[in-house]
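These are the residues of each chain, in order.
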Amino acid sequence: MKKANETIWMFTLVCVILGFFAAQVFDKPQAMEEIGGVTSLQNIENLLNQKKTLDSKRQELEQLIAQQERKIKEYENNAAQTSTHLQQLQKELQETKLGAGLLRVEGPGVEIILNDRKRDSFLVDYPNMINYFIVHDSDMLHVINELRGAGAEAIAVNGTRIMANSRISCGGPTINVGKYERFAPPFIIQAIGDPEKLMEGLRMEDSIYHDLLAWGLEFQIRRLDRIEIPRYLGDTNYEYARLLQEDE
Amino acid sequence: MKTLGGKVAITLVSIILGLMLAVQFKNVQNVGGNVSLQRAQELTTQIQKLNQELQSQENLIKELEVRILEYEDAAQDEGKINDTMYQELERARILAGLTDLEGAGVIVTVDIIPYQDWGEYGIVRNVYHEDLLMLVNELNAAGAEALDINGERIISTTEIRSAGDYIVINTNRYSVPFEIKALGNPDTLEASLKLLGGVADTLGEDLEITIRREELIRIPKYSGSLQNEYALPPQS
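From first to last, the protein sequence lines stand for chains F and X.
So for the first sequence, our numbering puts the first residue at 1; every next one is plus one.
So for the second sequence, our numbering puts the first residue at 1; every next one is plus one.
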């Protein structure tokens, strides 16, 4: 009798384990529906490798661009020495390029770190209010606008130069900046200009700064004596806009 | 007899269990584990963007190469150097917003809905600077190449800020009605604004918004001066 009992217990145990595996096997299709499908780790690895290659290629090209620019500048400087007319032209060219965002610049300014609210007990208690606690594209747009209003001369988001037609738009869990970039928080916004004015502008009464702080988002502002902002590294060709043809 | 039956049963179950284990492990080994598809999609978009960026960088490099060749060609010929530099200046001026431009695009007007249309207890909703910011940003996302609001060219340092009853653009004050002109592909520009639930829909509930496609729009140059005081090229 005792032996039979033991057998039954063992049988039960084995059946439980068996059931567990069976359930796992059958459970898979359901899981697939829940997270929008599954893919293999191998596939991800391939994609990561691809991205790595492209990233390093991008760095290479950036260096090449910098090299070419030095060369062009050298030619221009040489030309400027041949006549006063060319010297003037060269000066104007440099100034215009500076205004157009085609030159790497440095100067004093502020650096802002924007980040979602830290996971605290309040956030855990109100999970359906999560939207208020994350950095949105519109928040970033307002911060940039605030900086422009305070006299920023050059602005970059995570190292990408902001131009007149750089869009800031929502990309799901990320924010699209300009034509090509896509960033996840934290966002680092750098602006060159009068640091005093920039700080003042950001802390003005109606500034987005107070809104975001009130919701517990991270909004750090640092004054820096020297910030470096890269040049615009995208297309400079217009497809639709052309120079106005003066009619006689 | 009873124990023998039990042993057979356990053996049978163990064999099945072993088989299932083997199948499971093999399955896992084959695919190297499962990952959510969302992560893969995210990576794929990033790769697409990187590819686009590389393309535009390569274009830029070609452009610069042409410049360099021209300079090499011009060598000591002052006239030729002059031409080359002048062309470069022109391109930089266009990009900086220092030239008048023309081309196809859309004209968006933003106005308040008049008092009498709000009903007895209605309060007229004014145009806020956020509205304009959002519209400009949306047009940029749709590939606008140049924009102006009420004749103020939008350049990289242009602010759109509220100041009392006015909206300040390039340090000049404006109030309703606002007219935004954008150069770019008229189809894309129009479609992005008129997207279901898009900016025109949301703002259109409280404001009078019209979107007009035009074959020829003129956009004035930036009227201020571009003098950087703080952001300067590195001295080295």
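Read the hints as simulated data drawn from the structure, not as lab findings.
Hints should not be assumed to be uniformly reliable.
Stated by the list, open to error - Listed next, with one range per pair, are the computed distances between beta-carbon atoms:
no., chain 1, residue 1, chain 2, residue 2, range
1, X, 58, F, 132, 18 to 26 Å
2, X, 210, F, 244, 22 to 30 Å
3, X, 73, F, 131, 54 to 62 Å
4, F, 124, X, 5, 49 to 57 Å
Since this is a predicted model, take the numbers as computed values, not measurements.
Glycine is no exception: its CB is placed at the ideal position from the N, C-alpha and C atoms.
- Identify every previously stated hint that the structure contradicts and give their numbers, smallest first. 1
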